[in-house]
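There are 2 protein chains.
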Amino acid sequence: MSTDELYQRHIQPLLIVISGPSGVGKDTIARAVIDERPDSFYFVVTATTRPPRAGEVHGVDYYFVSNDEFARMIDENELLEYAVVYNDFKGIPKQHIREALASGKDVIMRVDVQGAATIRKLIPNAIHVFLTTESEEELVTRLTKRKSETPEDLNLRIATARQEMKRIQEFDYWVVNRASQHEEAVQHILSIIDAAHCRVVQAPIVL
Amino acid sequence: MSTDELYQRHIQPLLIVISGPSGVGKDTIARAVIDERPDSFYFVVTATTRPPRAGEVHGVDYYFVSNDEFARMIDENELLEYAVVYNDFKGIPKQHIREALASGKDVIMRVDVQGAATIRKLIPNAIHVFLTTESEEELVTRLTKRKSETPEDLNLRIATARQEMKRIQEFDYWVVNRASQHEEAVQHILSIIDAAHCRVVQAPIVL
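As given, the protein sequences belong to chains L and C, one line each in that order. Under numbering that gives the first Met the number 0, the first residue of the first sequence carries the number 0, and numbering increases by one thereafter. Under numbering that gives the first Met the number 0, the first residue of the second sequence carries the number 0, and numbering increases by one thereafter.
Hints listed in this document are in silico derivations from the structure and should not be mistaken for laboratory results. Where is the CB? At the ideal position from N, CA and C, for every residue including glycine. You may find that some hints are simply not true.
[What the hints assert, rightly or not] Reference excerpt, derived from the structure (chain C facing chain L, CB under 7 Å, subset only):
#, residue
1, Val84
2, Phe170
3, Tyr172
4, Trp173
5, Val174
6, Ser190
7, Ile191
8, Asp193
9, Ala194
10, Cys197
11, Arg198
12, Gln201
[What the hints assert, rightly or not] Some residues of chain L that are not near chain C, with every Cβ distance over 10 Å (derived):
#, residue
13, Val44
14, Thr47
15, Pro50
16, Gly58
17, Gln94
18, His181
19, Ala195
[Stated by the list, open to error] Cross-link-like lysine-lysine pairs, in silico, DSSO-like; alpha carbons within 30 Å at most:
#, chain 1, residue 1, chain 2, residue 2
20, L, Lys104, C, Lys165
21, C, Lys93, C, Lys165
22, L, Lys93, L, Lys120
23, C, Lys93, C, Lys104
24, C, Lys165, C, Lys120
25, C, Lys104, L, Lys165
Whenever a hint applies, use it, and build me the whole structure from the sequences.
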């Protein structure tokens, strides 16, 4: 294939999965990446049964749904994947991913580590980024500071996060989200996306 | 492997091969990439028997050597690879690559398409970037403008460049060096390098 043919070929939109342990800052970083190039990225909003945290907006950060509504979505096979995360359900409505891919933009999803593993099986050509802290200790500090959980919930969350940290090898890329240096992590993710668009072999995303 | 173990692991320097057809601007772009982060990159200087072009400095842009000296380097197995490019010899002294890799910096090489194919066999973990123009026509225009060749040399160079353009599929990445927009190509290459450092699986460069 000549470069002239390459130019004529449709450049594939990418599907980027931003994952990592609870407390690492997935929401903040995914949002900041999109804010850098709002016209280039499509953010897939996850449905969850957990209550909103301060400042979170329905339909923007998450779809906050009742347990009954979530059960209905499961029953009607409307979710790409779902998981119980610390007693709350989280899942990705298929319809949103289809809309996202149809937009022609790069699609960004913020998914917990369990969900990322499921997506890897369903959509092999997605790019998986593992967001991490500079150390496990720092992660525990961040989870402890959040104070939105009961002590029991917090202990469960810390134990789970430690397990999640060990799953980094399942991912394509890892990016450190240093405390108070979000911009660095955002730039690394933008580089990963930019580089992926420069690959000679571009695999289409099929759902 | 946990992230803590990953941090402790030595982050491998990369070997980046910037290649592409004659006239595409490999020299300019490779230099501009290095100028962006001179402390992070090590530039491997190629030996050549062709005479210097205006502004080219011995030991910085190329090692300009006589045919006899080049023949000696071949005889004494001092070159990683060498090729005849438009009646001139070009080759990469092994010693320079060893020094480059020992520096701990990312190593950048500017190599013609033939040389890149040889390096791919010798050093499988190198990252190969194919620099191209926005069209074959633009490449011909640039070669014609250069006016440093005889008409016969120019025709040979154009024919070869057209063949080289077809070899893009051998490369990992492709980057368009648009006329008067070098900065864009430089930024793409910096993204490719940045992303490669974020890969979870990092393969060592062995020579």
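Comparing the hints with the structure gives:
1. Among the interface hints, the one on valine 84 of chain C is violated; its C-beta lies about 20 Å from the nearest C-beta in chain L, farther than the 7 Å criterion.
2. Hint status for phenylalanine 170 of chain C: holds, given a least beta-carbon distance of 5 Å to chain L, under 7 Å.
3. The criterion of a C-beta within 7 Å of any C-beta in chain L is met by tyrosine 172 of chain C, whose closest approach is roughly 4 Å, and the hint holds.
4. Here the hint on tryptophan 173 of chain C is kept, as its CB sits about 5 Å from the closest CB of chain L, short of 7 Å.
5. Here the hint on valine 174 of chain C is kept, as its CB sits about 6 Å from the closest CB of chain L, short of 7 Å.
6. Interface hint status for serine 190 of chain C: upheld, as the beta-carbon distance to the closest one in chain L is roughly 4 Å, under 7 Å.
7. Of the supplied interface hints, the one on isoleucine 191 of chain C holds, with its beta-carbon coming within about 4 Å of a beta-carbon of chain L, less than 7 Å.
8. The restraint placing aspartate 193 of chain C at the interface with chain L holds, with a minimum CB-CB distance near 4 Å, inside the 7 Å limit.
9. About 4 Å separates the beta-carbon of alanine 194 of chain C from the nearest beta-carbon of chain L, less than 7 Å, and the hint is met.
10. The restraint placing cysteine 197 of chain C at the interface with chain L holds, with a minimum CB-CB distance near 4 Å, inside the 7 Å limit.
11. Interface hint status for arginine 198 of chain C: upheld, as the beta-carbon distance to the closest one in chain L is roughly 6 Å, under 7 Å.
12. With a least beta-carbon distance of about 10 Å to chain L, the hint placing glutamine 201 of chain C at the interface is violated under the 7 Å criterion.
13. The beta carbon of valine 44 of chain L sits about 26 Å from the closest Cβ of chain C, which is more than 10 Å, so the claim that it is off the interface holds.
14. With a closest Cβ-Cβ approach of about 26 Å to chain C, threonine 47 of chain L is found to remain outside the 10 Å limit, as its non-interface label requires.
15. Against the 10 Å criterion, proline 50 of chain L stays outside the reach of chain C, whose nearest CB is about 30 Å from its own CB.
16. With 10 Å as the threshold on Cβ separation, the claim that glycine 58 of chain L sits away from chain C holds: the shortest Cβ distance comes to roughly 31 Å.
17. With a least beta-carbon separation of about 31 Å from chain C, glutamine 94 of chain L lies farther than 10 Å from that chain, consistent with its non-interface assignment.
18. The beta carbon of histidine 181 of chain L is kept farther than 10 Å from every beta carbon of chain C, the shortest such distance being approximately 16 Å.
19. Against chain C, the non-interface label of alanine 195 of chain L is violated: not every CB pair exceeds 10 Å, the least being about 7 Å.
20. Restraint check for lysine 104 of chain L and lysine 165 of chain C: the C-alpha separation of about 29 Å stays at or below 30 Å, so the hint holds.
21. Pair hint lysine 93 of chain C plus lysine 165 of chain C holds up; C-alpha atoms about 28 Å apart against a cutoff of 30 Å.
22. Taking the CA atoms of lysine 93 of chain L and lysine 120 of chain L, the gap is near 15 Å; set against the 30 Å cutoff, the hint holds.
23. Note on lysine 93 of chain C and lysine 104 of chain C: the hinted pairing holds, with a Cα-Cα distance of about 17 Å set against a maximum of 30 Å.
24. For a cut-off of 30 Å, the pair hint linking lysine 165 of chain C to lysine 120 of chain C stands: about 19 Å separates their Cα positions.
25. Distance restraint check for lysine 104 of chain C and lysine 165 of chain L: the Cα-Cα separation of roughly 29 Å lies within the 30 Å cut-off, and the hinted pair is therefore satisfied.
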